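There are 2 protein chains.
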Amino acid sequence: MERLLSMMRQDAELTEKTLYELVPATDADYGVLLEAERYSLLAGGKRIRPFLVLSFCRLYGGEDKAALPFACAVEMIHTYSLIHDDLPCMDNDDMRRGRPTNHKVYGEANALLAGDGLLTRAFGTAAGNPHVSAELARDAVCALSEAAGDCGMVGGQVIDLLGEEQALTREQLTRLHSLKTGALIRVSALLGCLAAGFSADSAEAQAAVAYADRIGLAFQIIDDVLDVTGDEAQLGKPCGSDADNQKTTFLTFYSIDEARAYAARLTSEAISLISHIDGSELLTDLAVYLLDRDH
Amino acid sequence: MERLLSMMRQDAELTEKTLYELVPATDADYGVLLEAERYSLLAGGKRIRPFLVLSFCRLYGGEDKAALPFACAVEMIHTYSLIHDDLPCMDNDDMRRGRPTNHKVYGEANALLAGDGLLTRAFGTAAGNPHVSAELARDAVCALSEAAGDCGMVGGQVIDLLGEEQALTREQLTRLHSLKTGALIRVSALLGCLAAGFSADSAEAQAAVAYADRIGLAFQIIDDVLDVTGDEAQLGKPCGSDADNQKTTFLTFYSIDEARAYAARLTSEAISLISHIDGSELLTDLAVYLLDRDH
Chain A
105 MERLLSMMRQ DAELTEKTLY ELVPATDADY GVLLEAERYS LLAGGKRIRP
155 FLVLSFCRLY GGEDKAALPF ACAVEMIHTY SLIHDDLPCM DNDDMRRGRP
205 TNHKVYGEAN ALLAGDGLLT RAFGTAAGNP HVSAELARDA VCALSEAAGD
255 CGMVGGQVID LLGEEQALTR EQLTRLHSLK TGALIRVSAL LGCLAAGFSA
305 DSAEAQAAVA YADRIGLAFQ IIDDVLDVTG DEAQLGKPCG SDADNQKTTF
355 LTFYSIDEAR AYAARLTSEA ISLISHIDGS ELLTDLAVYL LDRDH
Chain B
105 MERLLSMMRQ DAELTEKTLY ELVPATDADY GVLLEAERYS LLAGGKRIRP
155 FLVLSFCRLY GGEDKAALPF ACAVEMIHTY SLIHDDLPCM DNDDMRRGRP
205 TNHKVYGEAN ALLAGDGLLT RAFGTAAGNP HVSAELARDA VCALSEAAGD
255 CGMVGGQVID LLGEEQALTR EQLTRLHSLK TGALIRVSAL LGCLAAGFSA
305 DSAEAQAAVA YADRIGLAFQ IIDDVLDVTG DEAQLGKPCG SDADNQKTTF
355 LTFYSIDEAR AYAARLTSEA ISLISHIDGS ELLTDLAVYL LDRDH
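Residue numbers (the numbering used here), protein chains in the order written: chain A, 105 to 399; chain B, 105 to 399.
Hints were generated in silico from the structure; no laboratory data involved.
Just so we're clear, the structure is a prediction, and the values are computed from it rather than from any experiment.
Among the hints, a few may not be true.
No distinction is drawn between identical chains; accordingly, a pair holds when it is met within one copy or between any pair of copies.
[Stated by the list, open to error] DMTMM-like mimics (lysine to aspartate or glutamate), calculated; alpha carbons at most 25 Å apart, straight line:
{"id": "1", "residue 1": "Lys208", "residue 2": "Asp195"}
{"id": "2", "residue 1": "Lys150", "residue 2": "Glu373"}
{"id": "3", "residue 1": "Lys208", "residue 2": "Glu362"}
{"id": "4", "residue 1": "Lys208", "residue 2": "Asp197"}
{"id": "5", "residue 1": "Lys169", "residue 2": "Glu250"}
{"id": "6", "residue 1": "Lys121", "residue 2": "Asp327"}
{"id": "7", "residue 1": "Lys169", "residue 2": "Glu239"}
{"id": "8", "residue 1": "Lys351", "residue 2": "Glu362"}
{"id": "9", "residue 1": "Lys351", "residue 2": "Asp133"}
{"id": "10", "residue 1": "Lys121", "residue 2": "Glu250"}
{"id": "11", "residue 1": "Lys208", "residue 2": "Glu268"}
{"id": "12", "residue 1": "Lys351", "residue 2": "Asp131"}
{"id": "13", "residue 1": "Lys169", "residue 2": "Glu308"}
{"id": "14", "residue 1": "Lys208", "residue 2": "Asp189"}
{"id": "15", "residue 1": "Lys208", "residue 2": "Glu308"}
{"id": "16", "residue 1": "Lys150", "residue 2": "Asp389"}
{"id": "17", "residue 1": "Lys150", "residue 2": "Glu117"}
Produce the entire structure from the sequences given, and follow the hints as far as they go.
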């Protein structure tokens with residue numbers, strides 16, 4: 105587990121350094137836009153998505169330089185989704201990761217545009233990956249667009265909004281998370297495979313996506329548990345907010361123990377999907393780490 | 105000119121039919137999202153950007169089927185920008201093209217997400233163009249991302265916001281329009297060339313982009329003129345709003361006659377850039393049409 109944490113730190117630094125280069129500071133008239141993008145992009149976080157891209161690329165024999173543009177593209181999309189999600193017309197959150205949200209610092213209009221800019225840049229970054237073939241870059245853009253779009257993350261957001269107005273069924277809740285957070289986690293694993301030269305329909309990519317599917321759902325279940333049992337200081341956000349907002353969560357359908365057991369079962373499934381592959385220890389550790397985390 | 109208007113109508117129908125297929129209705133939990141996207145996507149308009157994609161593709165011997173995915177991608181991006189631009193935190197507009205704006209019908213959150221969804225889908229649509237090589241699809245995504253992003257349309261929006269707080273210089277105003285509307289018009293012409301198999305650095309593409317640059321700026325100058333001289337019913341929006349908002353426009357620096365003369369000069373330049381090419385009559389007519397329009 106020590107090795108995992110050390111690798112995650114290293115990869116987070118590598119990703120942040122590259123993001124920093126990809127979103128340059130400028131004194132142009134629109135400079136505040138790039139400043140706003142950097143503010144949220146470089147706000148820390150676990151960088152799990154870039155780590156998945158890099159790890160699956162390495163697992164299948166690819167090079168970091170081929171994975172990095174994809175890793176940054178995914179992180180740009182993740183970051184844009186947080187900025188838009190925090191806006192007053194969405195979740196109306198003032199704090200994120202212990203800091204004021206983007207629109208609290210730069211105003212709503214700039215936050216909206218910073219999100220738009222990051223989403224737009226993500227696709228150029230993926231398409232412009234100079235270390236993969238044009239075919240794989242094209243496949244990466246198509247996969248990213250699908251994962252982030254109407255039938256992926258954005259669609260999940262709409263179901264999330266629906267859940268503010270009405271109670272969701274268990275099926276709707278599972279679909280919500282499969283789309284809202286799961287899709288981007290799955291595509292991260294897939295992009296790692298593409299960076300290593302494997303096509304989306306290869307057995308390698310399918311195992312990676314199935315693994316990511318399981319850890320993504322487990323991650324969300326644990327998130328719901330931590331909202332009740334966690335420590336506010338460690339989480340960097342208020343606890344109990346789901347209950348306060350009468351939100352449907354996994355704890356609507358399961359006790360805390362049942363929810364933990366469900367997440368543990370998904371984690372085992374994830375591990376069994378990749379444990380036969382040489383060098384998969386880090387990804388095994390990652391699944392366990394995400395299950396056992398306290399924030 | 106009759107032939108131009110007839111072709112523009114035909115191409116608008118072709119584009120709308122394809123957009124309709126690309127954004128399918130669904131009874132999924134996120135169905136309202138696609139409904140909101142269709143609402144703005146199919147709200148009419150001149151469809152100048154798709155027309156440019158199709159026209160340059162034809163001019164250089166390409167096939168419509170190769171141009172259509174690019175044409176739709178550009179129109180999706182244009183439409184998303186209108187949805188976000190109309191939001192309360194931006195221009196706060198209630199009406200667009202004579203109909204309530206997206207957020208007036210679907211609420212702010214859905215409008216925000218419909219814009220995000222369209223932007224995301226645009227890149228998948230361009231990348232997934234099955235009638236061009238992977239190299240050209242990749243180039244198209246990179247060009248679209250640049251044109252729509254921080255150093256393009258989104259950057260222009262930020263300068264536009266700046267203009268609400270302070271008077272802009274003529275240089276800033278020109279840059280505003282070159283980015284906010286010009287970039288997407290230029291990339292439309294470029295995508296038409298790519299669809300015909302010409303690379304971005306070909307003489308063909310460079311002439312197309314230079315032409316689009318001139319008609320894009322002329323278009324904006326005429327827009328400013330029409331805001332003062334136009335007919336509200338024909339424009340589908342209130343007149344005089346620029347002056348009411350104390351916005352810097354070309355009429356801050358030029359009289360109406362001078363502005364018209366400037367636009368006419370740009371139109372002549374645009375025409376001279378392509379008039380030597382066989383079959384360029386429609387694009388010549390387009391430049392004149394945009395100059396002489398009354399809405």
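Cross-check of the supplied hints:
1. Lys208 to Asp195: both (13 Å within a copy, 19 Å between copies)
2. Lys150 to Glu373: Result: close within a single copy only, 23 Å intra versus 53 Å inter.
3. Lys208 to Glu362: The answer is neither: 38 Å in one copy and 43 Å across copies each exceed 25 Å.
4. Lys208 to Asp197: both (9 Å within a copy, 23 Å between copies)
5. Lys169 to Glu250: Result: close both inside a copy and across copies, 24 Å intra and 22 Å inter.
6. Lys121 to Asp327: neither (28 Å within a copy, 43 Å between copies)
7. Lys169 to Glu239: both (17 Å within a copy, 20 Å between copies)
8. Lys351 to Glu362: Classified as within; 19 Å inside a copy, 60 Å across copies.
9. Lys351 to Asp133: This pair counts as between: shortest inter-copy Cα distance 17 Å, intra-copy 42 Å.
10. Lys121 to Glu250: Result: close only across copies, 21 Å inter versus 27 Å intra.
11. Lys208 to Glu268: Answer is both; intra-copy 23 Å and inter-copy 20 Å each pass.
12. Lys351 to Asp131: Close across copies (23 Å), not inside one copy (43 Å); limit 25 Å.
13. Lys169 to Glu308: Within. Shortest intra-copy distance 20 Å satisfies the 25 Å Cα cut-off; inter-copy 34 Å does not.
14. Lys208 to Asp189: Both: 13 Å inside a chain and 20 Å across chains, each within 25 Å.
15. Lys208 to Glu308: Answer is neither: 43 Å inside a copy and 47 Å across each miss the 25 Å cutoff.
16. Lys150 to Asp389: within (15 Å within a copy, 56 Å between copies)
17. Lys150 to Glu117: For Lys150 and Glu117, the Cα distance is within 25 Å only inside one copy (11 Å; across copies 47 Å).
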